[in-house]
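K.L.:
In order, the protein sequences belong to chains A and B. Under our numbering, the residue at position 12 of the first sequence is numbered 16, and the numbers go up by one with no gaps. Under our numbering, the residue at position 20 of the second sequence is numbered 619, and the numbers go up by one with no gaps.
Hints in this document: simulated from the structure, not taken from any laboratory. Heads up, some of the hints might be wrong.
[Stated by the list, open to error] Listed below are several chain A residues computed to face chain B (Cβ distance under 8 Å; list not exhaustive):
1) D23
2) R31
3) V62
4) L64
5) F68
[As the list claims (entries may be wrong)] Covered by chain A, per the in silico footprint, the following chain B stretches (three or more residues, Cβ under 8 Å):
6) 758–770
7) 870–882
Remember, it's a predicted structure, so these values are computed and weren't measured experimentally. The C-beta atom is built at its ideal place from N, Cα and C for all residues, glycine as well.
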Amino acid sequence: MTQKYRAAPQDDLIWHPLDSMTLLFHRPSGITHMLADPAPAILEVMADLPLTAAEIAVRLTAAFDLDPNPETETIIRARLAELSDLGLVARVPV
Amino acid sequence: MQAMHQILLKIGPAAFRIASAWRQPLEQLEALYRDYPAPPDGLVDFTVRLEPGKPWRRHVRPSVHIGGDFWLPDAAPLPLSQGLLAGEMGMNLQMALGWRRHLLLHASSVEKDGQALVMTGLSGSGKSTLSAMLAERGWRFMGDEFALLSLDTGDIVPFPRLISLKNKAIEAMQKVAPADRFGPEMTGTPKGGIRHLVPPRTAIDRMNESAKPALLLFPRFGHASALRDMGQSEIFVRLTQASTNYVALGEAGFLALVRFVERVPAKAMDYQSIEQAEELIESLWSKLP
């Protein structure tokens, strides 16, 4: 799968960590999102780059010092689909 | 069209014009709001209109339709004997749907030592009765329906409307507050028996004095006395549900609410009597920094 994703621009978002969740206020829509791990981490490592799920998995593994896990990419792809539905990531046209 | 009667009221930061096709609800409002100031220069934020749904309903089985700047299309009219309640509901409606200067929380609030206790919960949680009772026991009453959270300072701004007592709370308050502060008893309203109570005079005199929120409680009446810690995520979600204008305020509302959740300690409080609740509240209050 070579589908690439791009996160919403950082200037559009206000982050606020709470105890177990992360609040994300999306300025263009005015919607407050409450995200559980690993969704905030995915958005964080995406920065403003167009990335595939595999590339995000590599970045996450490095950023959070995780052991490589073949399921990581599947989990990321599922979260990306959800974040895409919320308008927090966009599929980059191939 | 026949002329409307009207009165002007200033309650905390909000000024209202209540216009009515009938004199009776306004006379009752005037009597209960007798100690409140008039809006300066006669300028108002909202107009509430109490008028017949159909012209003949002015005289024949008169029924009061609540109109105004903001209104709900499916709100059922009330009989004229409940016109006072219609006026109060109309003011609530304007605030809930139209106020943008503060984050509105469906909560009661009282003040002591310059700090505010905010109590929020569903209808029946006892937040209104608790605020009314505490106001007779050394606390300053700030509001029983809406707590106004300042978008700039994070303070709670008073909105000390008439206290809306329901069912058993009426009897409980009659034991501690003088008779001349009670409005007429209304039975068979959509919320059962209702009687309005004028807040203590100091609440009215000091209705422009804000207070820093120091404690947030989620009271729940009818369960064995207990205090429970709550996670910030749960608190945040419940406060967005308790706010009528969180979405409308956008980023300003988000920032104000985040600051409130960060700064104000919160507990869920179960109780079975006012005495129990007061004991729990005083114990929490005495431990505040």
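K.L.:
A separate judgement is required for each hint: does it hold in the structure or not?
P.N.:
Verification of the supplied hints:
1. D23: 5 Å, holds
2. R31: 6 Å, holds
3. V62: 30 Å, violated
4. L64: 23 Å, violated
5. F68: 21 Å, violated
6. 758–770: violated (count 0)
7. 870–882: violated (count 0)
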